[in-house]
Every structure is written in C-alpha cells, then in structure tokens.
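Protein chains in written order, with numbering that gives the first Met the number 0: chain F, 0 to 180; chain D, 0 to 180.
Please keep in mind that the hints were generated in silico from the structure rather than gathered at the bench. You may find that some hints are simply not true.
[Stated by the list, open to error] Sample of chain F residues lacking proximity to chain D, with all beta carbon distances greater than 12 Å (derived):
(1) D52
(2) W105
(3) A119
(4) V148
[Stated by the list, open to error] From the structure, some residues in chain F lie toward chain D, with a derived Cβ separation under 7 Å:
(5) G66
(6) V145
(7) V146
(8) P150
(9) D151
[Claimed, not checked] Going by beta-carbon spacing under 10 Å, a handful of chain D positions derived as facing chain F:
(10) V7
(11) R11
(12) A23
(13) T28
(14) Y38
(15) P43
(16) D52
(17) V53
(18) G55
(19) L56
(20) E73
(21) T101
(22) W105
(23) L111
(24) S112
(25) N120
We put the CB at the ideal spot given by N, CA and C, even for glycine.
Number of protein chains: 2
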Amino acid sequence: MADRPWTVRRSRHLLRSRWLSLRADDCTTATGADVSPYYVVEAPDFVHVLATDVDGLVVLVRQYRHGVGGPSLELPGGNADEGEADVVATAARELREETGFTGGRWEPVARLSPDPARYANRVHLVRATGVVPGPAEPEASEALEVVRVSPDAAIRLAVEGGIVNAVHVGLILLGLRADPA
Amino acid sequence: MADRPWTVRRSRHLLRSRWLSLRADDCTTATGADVSPYYVVEAPDFVHVLATDVDGLVVLVRQYRHGVGGPSLELPGGNADEGEADVVATAARELREETGFTGGRWEPVARLSPDPARYANRVHLVRATGVVPGPAEPEASEALEVVRVSPDAAIRLAVEGGIVNAVHVGLILLGLRADPA
Chain F
0 MADRPWTVRR
10 SRHLLRSRWL
20 SLRADDCTTA
30 TGADVSPYYV
40 VEAPDFVHVL
50 ATDVDGLVVL
60 VRQYRHGVGG
70 PSLELPGGNA
80 DEGEADVVAT
90 AARELREETG
100 FTGGRWEPVA
110 RLSPDPARYA
120 NRVHLVRATG
130 VVPGPAEPEA
140 SEALEVVRVS
150 PDAAIRLAVE
160 GGIVNAVHVG
170 LILLGLRADP
180 A
Chain D
0 MADRPWTVRR
10 SRHLLRSRWL
20 SLRADDCTTA
30 TGADVSPYYV
40 VEAPDFVHVL
50 ATDVDGLVVL
60 VRQYRHGVGG
70 PSLELPGGNA
80 DEGEADVVAT
90 AARELREETG
100 FTGGRWEPVA
110 RLSPDPARYA
120 NRVHLVRATG
130 VVPGPAEPEA
140 SEALEVVRVS
150 PDAAIRLAVE
160 GGIVNAVHVG
170 LILLGLRADP
180 A
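So that you can see chain F by itself, here it is in the shape it has in the complex (with noise of 0.2 Å):
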C-alpha cells in the first residue's frame, strides 16, 4: 500500500520557466482520498561537487539566497542546463565557472531527491580530488565567495549550523564519509 502511487485524473501547469515550474496534479492516493490540487515543483536537476584541492582542502562558495534571504555556506554546483546529461561534466562546468579550480579526478556518488514530496527533480552529488586553482567565471548574477576548508572542518560546519542548506550538510556528511583518505 505504501508503495502503491496516486493516479492522477488531470494535470495542468500554473507555471513554465526555465528554472522553475509548477503542476497541477488532481490525484487519487492509493487510500482513496482526494488530493486535488497536489502541486509539483518541477526544475532542472541540481548538480553539486564536493571537491577536494590539491591542498586536500574542500571548496565551498559563500553567496547570498533569495529563498531564505540571506548567505549561505554551499558546495559548488547548480542547475544542470537543457540537453547536459553528463552529471560530471555539469559538475565540471559548475565547479569552474563558481571556483576557477579544474583539473583532478571526478566520479559521481549519489542521485537523490531534494524533496521527494514536492520536487519531481532529482539532486546530484559529484566528488572531485586533487583540483587545481585558476580564473572564475562567475554569471553577471553571482556574487561570490570562494572559502576553502579542511575536510574535518567542513564536517563540523555541517554538523554544528554552519551550513545551513540540509541538502547540502547530507552531501558533506554523505561524500566526506566516502573520502578515500
């Protein structure tokens, strides 16, 4: 039962954008109750790296969030763009436009949900070692930050409210624990 999805009767979009939309689904659940409307969040994936320097150090951009008005302590990354299949190269590209640091070895390491009740995107997690330092290329829109940490450090951000995105302290919890060194 708790497996069993709602069926949905009709769907429609209150909203198409580039980065963001949102459906309209009037859904029967697996119970027989009702749900009408349920709203989706619909948006490309979210890419992110955990990237290690050649310092051994962890790259994290520090930039202001509208959603939460205020700055926030994060992994590189954003939104995959139209037709970029390749988790690692968007996480490639993410991580030099952000940072300017390139170079190392890359592997992906999980594909989770950002919120499985509301967003029908998934959220990737990429880990690169060994990265090299060189220019950012920022969009006209960033303005950020480039904070390096030690791996021990970054975990105590994540465990202690330094981070502050959920999804975020999961993935340092989550690639650092995978940490080969």
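Fit chain D to the given chain F structure using the hints.
Frame of chain F, contents of chain D only:
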C-alpha cells in the same frame, strides 16, 4: 559582496495555498544584475524527528511521494500547522499520527533550510529517544509503512542510497552523529 541581499523592486504571488505558495520577485542583485522574476516557494516549516524507541531502533516511515513519483523511506514528520511554533510539539504530533510512537525524551537538534535558493521556509530536526509504540492515526490521504532499523542500519541506508530524500540523508547522519548512545 557575497552576503549583500538583493533588492526587491516588485513582489507578487502567482499562487497562495495552504501547503505551497509561489512568489515572483523582481530583483536587482548586489552585482547590479536584473533577475526578474525570481520565483520563491513558500511553505509552512517542515519538522522531522529522529526517534529511537525503547529497543534503541530508529523509527522510519515508507510512503509514496508524488513529487518524485515513487516510494521514499524517510524520517517521520511533516508541515507545522498554522500557529504551531513549538517544533518539539509538532514533531511529537507527527510521530504519534504517523507511527503511533509517543513518550520518551525530546530535544530540538537543528534548524536548517530545505533549499536556501528557492524555499523561504525552514526544516527542523528534533531528536527523541525511548519512544514507546501505540496506535497510529494517519490522515486519510496517507498510506504509511513504519520501518524500524538499528542506528547502524539507518546510517547505511543514508550512505548507500536507501534514503532518496537528500534532506533526510543529512538529518539522519546529523542526528545519529549527535547520538549520546
């Protein structure tokens, strides 16, 4: 620069509903870029509970989640009802309704953001220990399966992909790290 908030020139709601609202803000970033519209998802705060029962087992719930269109194994919890400012009380209500577990000792652990870029609300983690079983009271739309696992098994589920909800990966690793046991 990275901490400087955007200026909101105009703001309106495309949708206002009980569980999800969508706001469109016309913004100027700290770098002077025009971001119009920028969509913000508004929702009640989410409250989740990492509860261990009198046998020391972690209480999880498995249910169909319509955003991702499949089942998800998660921490019990849900939306704070209107005017429900006490996160421990919300967590205790959700745990009782979804799983029947009550009693035990409770403490708030973390106040994070489910997605600082797009979500205006907060996600709270509450820790409960020594909860005891009783009758559940799921809502008519809910079909929940209660799953109890050891803390080690919960960590393995979070690390190895058995937990698809990235926020809950973080909350589980966070909550069990802080476990005094």
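Right, here's what the structure says about each hint:
Residue-level check passed: D52 of chain F sits 19 Å from the nearest beta carbon of chain D, beyond 12 Å. Consistency note on W105 of chain F: stated as away from chain D, and its beta-carbon is indeed over 12 Å from all of that chain's, at 19 Å minimum. Remark: the non-interface label on A119 of chain F conflicts with the geometry, its nearest Cβ contact in chain D lying 5 Å away (cut-off 12 Å). No beta-carbon of chain D is positioned within 12 Å of the beta-carbon of V148 of chain F; the least distance is around 15 Å.
Nearest Cβ of chain D to the Cβ of G66 of chain F: about 5 Å, under the 7 Å cut. The hint holds. At its closest, the beta carbon of V145 of chain F sits 9 Å from a beta carbon of chain D; the interface hint therefore is violated under the 7 Å criterion. The criterion of a C-beta within 7 Å of any C-beta in chain D is not met by V146 of chain F, whose closest approach is roughly 9 Å, and the hint is violated. For P150 of chain F, the interface hint is violated, the least distance from its beta-carbon to any beta-carbon of chain D being 15 Å, above 7 Å.
With its C-beta approaching chain D no nearer than about 13 Å, D151 of chain F sits outside the 7 Å limit, and its interface hint is violated. The interface hint given for V7 of chain D holds, since its Cβ lies 8 Å from the closest Cβ of chain F, which is under the 10 Å cut-off. At about 13 Å, the closest approach between the beta carbon of R11 of chain D and any beta carbon in chain F exceeds 10 Å, and the interface hint on this residue is violated. Taking 10 Å as the C-beta cut-off, the interface hint given for A23 of chain D holds, the closest approach to chain F being about 9 Å.
Interface restraint check for T28 of chain D: the shortest CB-CB distance to chain F comes to about 5 Å, inside 10 Å, so the restraint holds. Against a cut-off of 10 Å between C-beta atoms, the interface hint on Y38 of chain D holds, since the closest Cβ of chain F lies about 5 Å away. Because the closest C-beta pair between P43 of chain D and chain F is about 12 Å apart, greater than 10 Å, the hint is violated. With a least beta-carbon distance of about 19 Å to chain F, the hint placing D52 of chain D at the interface is violated under the 10 Å criterion.
Taken as an interface hint, V53 of chain D does not check out: its beta carbon lies about 24 Å from the nearest beta carbon of chain F, beyond 10 Å. At its closest, the beta carbon of G55 of chain D sits 22 Å from a beta carbon of chain F; the interface hint therefore is violated under the 10 Å criterion. With a cut of 10 Å, the hint placing L56 of chain D at the interface with chain F is violated, because the nearest CB-to-CB distance is about 18 Å. Among the interface hints, the one on E73 of chain D holds; its C-beta lies about 8 Å from the nearest C-beta in chain F, closer than the 10 Å criterion.
Hint status for T101 of chain D relative to chain F: violated, with the closest Cβ pair at about 21 Å, above 10 Å. Interface hint at W105 of chain D: violated, since its Cβ lies 19 Å from the closest Cβ of chain F, which is beyond the 10 Å cut-off. Hint status for L111 of chain D relative to chain F: holds, with the closest Cβ pair at about 4 Å, below 10 Å. For S112 of chain D, the suggested interface contact is upheld, since its CB lies about 5 Å from the closest CB of chain F, less than 10 Å.
Taking 10 Å as the C-beta contact cut-off toward chain F, the hint placing N120 of chain D at the interface holds, the least distance being around 9 Å.
The structure is inconsistent with the numbered hints 3, 6, 7, 8, 9, 11, 15, 16, 17, 18, 19, 21, 22, although it conforms to all the rest.
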